[in-house]
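Participant: Sequence lines, in order, name chains A and B.
Per full-length UniProt numbering, the first sequence starts with residue 1, numbered consecutively.
Per full-length UniProt numbering, the second sequence starts with residue 1, numbered consecutively.
The hints are simulated quantities; they were obtained by calculation from the structure and are not laboratory data.
Virtual Cβ for every residue (Gly too), placed ideally from N, Cα, C.
Hints are not guaranteed to be accurate.
Stated by the list, open to error - Now the in silico label distances, taken between C-beta atoms and shown as ranges:
{"#": "1", "chain 1": "B", "residue 1": "E104", "chain 2": "A", "residue 2": "T145", "range": "51 to 59 Å"}
{"#": "2", "chain 1": "B", "residue 1": "K312", "chain 2": "A", "residue 2": "R175", "range": "53 to 61 Å"}
{"#": "3", "chain 1": "A", "residue 1": "N111", "chain 2": "B", "residue 2": "R203", "range": "58 to 66 Å"}
{"#": "4", "chain 1": "B", "residue 1": "Q111", "chain 2": "A", "residue 2": "M381", "range": "33 to 41 Å"}
{"#": "5", "chain 1": "B", "residue 1": "K456", "chain 2": "A", "residue 2": "H258", "range": "39 to 47 Å"}
{"#": "6", "chain 1": "A", "residue 1": "K289", "chain 2": "B", "residue 2": "S447", "range": "57 to 65 Å"}
{"#": "7", "chain 1": "B", "residue 1": "E113", "chain 2": "A", "residue 2": "E104", "range": "25 to 33 Å"}
Unchecked claim - With a Cα cut of at most 27 Å, we get these calculated BS3-like pairs of lysine-lysine:
{"#": "8", "chain 1": "A", "residue 1": "K378", "chain 2": "B", "residue 2": "K276"}
{"#": "9", "chain 1": "A", "residue 1": "K63", "chain 2": "B", "residue 2": "K480"}
{"#": "10", "chain 1": "B", "residue 1": "K101", "chain 2": "A", "residue 2": "K144"}
{"#": "11", "chain 1": "A", "residue 1": "K346", "chain 2": "B", "residue 2": "K456"}
{"#": "12", "chain 1": "B", "residue 1": "K172", "chain 2": "A", "residue 2": "K244"}
{"#": "13", "chain 1": "B", "residue 1": "K276", "chain 2": "B", "residue 2": "K226"}
{"#": "14", "chain 1": "B", "residue 1": "K312", "chain 2": "B", "residue 2": "K138"}
{"#": "15", "chain 1": "A", "residue 1": "K262", "chain 2": "B", "residue 2": "K280"}
{"#": "16", "chain 1": "B", "residue 1": "K276", "chain 2": "A", "residue 2": "K63"}
{"#": "17", "chain 1": "B", "residue 1": "K456", "chain 2": "A", "residue 2": "K289"}
{"#": "18", "chain 1": "B", "residue 1": "K103", "chain 2": "A", "residue 2": "K63"}
{"#": "19", "chain 1": "B", "residue 1": "K200", "chain 2": "A", "residue 2": "K63"}
{"#": "20", "chain 1": "A", "residue 1": "K247", "chain 2": "B", "residue 2": "K101"}
{"#": "21", "chain 1": "B", "residue 1": "K308", "chain 2": "A", "residue 2": "K63"}
{"#": "22", "chain 1": "A", "residue 1": "K206", "chain 2": "A", "residue 2": "K144"}
{"#": "23", "chain 1": "A", "residue 1": "K442", "chain 2": "A", "residue 2": "K378"}
{"#": "24", "chain 1": "B", "residue 1": "K276", "chain 2": "A", "residue 2": "K206"}
{"#": "25", "chain 1": "A", "residue 1": "K172", "chain 2": "B", "residue 2": "K138"}
{"#": "26", "chain 1": "A", "residue 1": "K77", "chain 2": "B", "residue 2": "K226"}
{"#": "27", "chain 1": "B", "residue 1": "K480", "chain 2": "A", "residue 2": "K262"}
{"#": "28", "chain 1": "B", "residue 1": "K144", "chain 2": "B", "residue 2": "K172"}
{"#": "29", "chain 1": "B", "residue 1": "K308", "chain 2": "A", "residue 2": "K172"}
{"#": "30", "chain 1": "B", "residue 1": "K103", "chain 2": "A", "residue 2": "K235"}
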Amino acid sequence: MVHLFMNPFEKRITNSFEEAPMYVAVLTYMGYGIVILFGYFRDFLRAVGFEKCHQAQEREEQKDFVPLYQDFENFYKRNLYTRVRDNWNRPICSLPGPVFDIMERVSDDYNWTFRLTGRTIENVINMGSYNYLGFAENNVDFLKTVAEETRQYGVGVCSTRQELGNLSIHEKLERLVAEFLGVESAMAFGMGFATNSMNIPALVGKGCLILSDELNHTSLILGARLSGATIRVFKHNNMQSLEKMLKETICSGQPRTHRAWKKILIMVEGIYSMEGSLVRLPEILVLKKKYKAYLYLDEAHSIGAVGPTGRGVTEHFGVDPNEVDVLMGTFTKSFGAAGGYIAGKKELVDYLRSHSHSAVYATAMSPPVVEQIIRAIKCIMGVDGTTEGQRRVRQLAENTRYLRSRLKEMGFIIYGNQDSPVVPLLLYLPGKVGAFSRAMLKRKIGVVVVGFPATPITEARARFCVSAAHTREMLDKVLQSLDELGDYIKVKFSRHRSSYRPELYDETDFELDS
Amino acid sequence: MKTFINLYKHTHTHTHTHTHTHIVMSGSSTRPRLMKHAHAQSRDSVKMAAGQQWVLVEMVQAFYEAPAYHLILEGILILWIIRLLFSKTYKLQERSDLTEKEKEELIEEWQPEPLVPPVSKDHPSLNYDVVTGPPSHKIIVNGKECINFASFNFLGLLDSERVKLKALLSLKKYGVGTCGPRGFYGTFDVHLELEERLAKFMRTEEAIIYSYGFATIASAIPAYSKRGDIIFVDEAACFSIQKGLQASRSFVKHFKHNDMEDLERLLKEQEIEDQKNPRKARVIRRFIVVEGLYINTADICPLPDLVKLKYKYKVRIFLEESMSFGVLGEHGRGVTEHFGVNIDDIDLISANMENALASIGGFCCGRSFVIDHQRLSGQGYCFSASLPPMLASAAIEALNIMEEDPGIFRVLQDKCKHVHKALQGTPGLKVVGEPLAPALHLQLENSTGSRTNDLKLLRAIVDYSMDRQIALTLARYLEKEERFLPPPSIRVVVTVEQTQEEIERAAQCIREAAVKILK
Chain A
1 MVHLFMNPFE KRITNSFEEA PMYVAVLTYM GYGIVILFGY FRDFLRAVGF
51 EKCHQAQERE EQKDFVPLYQ DFENFYKRNL YTRVRDNWNR PICSLPGPVF
101 DIMERVSDDY NWTFRLTGRT IENVINMGSY NYLGFAENNV DFLKTVAEET
151 RQYGVGVCST RQELGNLSIH EKLERLVAEF LGVESAMAFG MGFATNSMNI
201 PALVGKGCLI LSDELNHTSL ILGARLSGAT IRVFKHNNMQ SLEKMLKETI
251 CSGQPRTHRA WKKILIMVEG IYSMEGSLVR LPEILVLKKK YKAYLYLDEA
301 HSIGAVGPTG RGVTEHFGVD PNEVDVLMGT FTKSFGAAGG YIAGKKELVD
351 YLRSHSHSAV YATAMSPPVV EQIIRAIKCI MGVDGTTEGQ RRVRQLAENT
401 RYLRSRLKEM GFIIYGNQDS PVVPLLLYLP GKVGAFSRAM LKRKIGVVVV
451 GFPATPITEA RARFCVSAAH TREMLDKVLQ SLDELGDYIK VKFSRHRSSY
501 RPELYDETDF ELDS
Chain B
1 MKTFINLYKH THTHTHTHTH THIVMSGSST RPRLMKHAHA QSRDSVKMAA
51 GQQWVLVEMV QAFYEAPAYH LILEGILILW IIRLLFSKTY KLQERSDLTE
101 KEKEELIEEW QPEPLVPPVS KDHPSLNYDV VTGPPSHKII VNGKECINFA
151 SFNFLGLLDS ERVKLKALLS LKKYGVGTCG PRGFYGTFDV HLELEERLAK
201 FMRTEEAIIY SYGFATIASA IPAYSKRGDI IFVDEAACFS IQKGLQASRS
251 FVKHFKHNDM EDLERLLKEQ EIEDQKNPRK ARVIRRFIVV EGLYINTADI
301 CPLPDLVKLK YKYKVRIFLE ESMSFGVLGE HGRGVTEHFG VNIDDIDLIS
351 ANMENALASI GGFCCGRSFV IDHQRLSGQG YCFSASLPPM LASAAIEALN
401 IMEEDPGIFR VLQDKCKHVH KALQGTPGLK VVGEPLAPAL HLQLENSTGS
451 RTNDLKLLRA IVDYSMDRQI ALTLARYLEK EERFLPPPSI RVVVTVEQTQ
501 EEIERAAQCI REAAVKILK
């Protein structure tokens, strides 16, 4: 365990982003080039009536209206997305647990439409769902209280929090969330996405500045845009870029008028969902204090998933959660429910209670969903009298390190931090994206693949989400399949293969110690 | 003493071209002399081509022949010209480059505002009414059991045993959360079923569900309308529409509430604008965004007129039906059914499933050509976890009930009329809304002139009623955020569960309160 004494902090913070060999980038661009050329060719065939166009058409009555869609948008969808469309939106018909059942579907018209065959592909290993702590479960005993709440309350609320939709269980949940996070107060909202997009405008506005990480989630970007504040984007997790920007913007003030900013809000995520990287929180806190900015930390993927007892990135770095001005997170992932929260100082939460868009205009959270969150948090905190929650947190950390280290050992390029349960495996070439996902499904493993425009054009990838509910056998099966498939479709691009060996021995230490 | 340096170059383009450069330095009193050595020559074009070749040779020769001082001066001159060419006429650097120290001082001096302004403890929207137990027909508010005239549970489905049973069955099978967005294994069989059922119910080609009512129209609008497009919107449009407009970054033109003449005026203005630049007009998409039954004014949009304008000016219509879905029409299909308008004439209909359906989430429906686009472009659809299956199952069962017993809409409409009538003539209060609206507004007939005081009076009426087992609520708005802030009001919600006596009692109670409080 020597390395832990050497520099434990540096190790916890390191995010790896290995670059692909040059030829891969060239091939990737060529790949897109070929598909685009074929796209034009087939558009030509469609135009002359040689190929049937399966796309839904505008109504006859409205043919002379201004076209609803731009050409390029349609081109991409028609000629690129449709080719690999079967890899997304796969319908499932079971619990989204560590294994699930996928409904088999086929396409009779080259992916334009799908037909369900009525068969199911059973017991597919689920590497796609954000079920970090395994709370997506249907064990009757665990769900007893949720069922009770459903019987008592029904599922809806039919009113907003500020009108007559403020149920006592909402307040109970909020107290529990605050206690769990170790902060003064918290408020819960019905949708994770909306938690960002409907609350950021309440916090900042015209004359304020938002410094946003370039890889922030769409909901943060939308919230920032709706707020009317000036937005500057800094390089992903790059502290030099952030500091430079802080310095420059404070000195220059608002654009044109050069008036001083009202306030500056730094927006970052705990774990970045497409890169698997952890925020460099300790450094950001130093900068934030130095430049008197406020920090908005989105813990959508990190709450429950990292930290020795599942309290998220603050705990992971051993930072007092009260140092972060706005703690945001979702209940969708680790808690197996739906919705989101904002937590922090009492003044902050009180202000949101009276000014959040969500509190005034959106229907309050569904009671059974609230109960599921309460149950999950109680389990993690151990107030249910068991150590099950803590076992899951530890299991997740162990599974994460195991999967990550084995994948690196095999020679895949893996992004992100060693403790992040979000594990992106780089595929690069557009042709490999579809092939990878289909071949994995054939081996009864459900994976998520993402490409442009969700990632940079040359960095298409597969993304695994590790769960505490994954058994070692499941992970081994996934790893074995990946190993074979990785050789077959040639995606083992890493050039650091051998250098990961020593780290692997460390991993063994880690497992023994925990 | 100024020095003028003049460079003269004259070329003889004769059979023998002679290049000679003179540099003349002259005193300030001397004007630069122009020395012309060029003689008009009669040129022979054949000779000229040969002559041009000679120029270079001659130049090189002249270079060798020239005296040293001449070359040095010439060299200095060239350098001078280069300097003049590349140096800036004014110095940018001197403008505002701060030294490190100055920067540090600026950063030191800057004091931000607090993250949030303080909220006083008695802020009217800080202290929520607390509901213990289910917010159904009988509701316990702040410890007192009341009859619910405030929750949008129009059809009373919140309490339905059938719905609860289906939700429980779903819970047993799927658990609670979906742990993923629709694209990444968050599509469940129940989602597909619900979408199919909604499409069938509304008689449209396709429906798409969102996991949050507010996010539905707010995501749908920016999926189609982009920067540069034009949206015509009713002034009374609800907040989620306003947010959708803002997210779209399109040009927004407001027309007066339900005023078709005003809308047509704007459309005509745009038509004139289009004629000025027809090329640009061909790519500007245009939309009319209206609500079926306005939540803020409780009245119905003149849909047949809107459809006429749609075809006349070639504008698409987006219709928000959260208040009218499951309320208006013989089968609860909303305002299209109410007016007998062909639903295909409406480009997009959105509604939430949080009112009549008493579940959570929202949906959009219309033709596949329109709706399918949201599966890649609806932000709230693509980037958010999908609706928990048990809530989708509950919505399916609620739809079953609505389909099995369309009589329920008749009952609701009768109750709405009853409430509307019973509230007429309340002293000091006016009923705002149509007789068919399930959520009416009671506004002060005479405002005190201050919104805060108006709200206090109305709140007193709500409290008075609450003490007498009638649960009402103030309609809440974010006063600073609303584009056109509606006047303060009490919301009165009608549900099928309210009996004749209860309605009479409520009306009586409000009357008493009004008499007592408004004097």
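Participant: Checking against the hints above, which ones are violated?
Facilitator: 3, 6, 7, 8, 9, 10, 12, 14, 15, 17, 18, 22, 23, 24, 28 and 29
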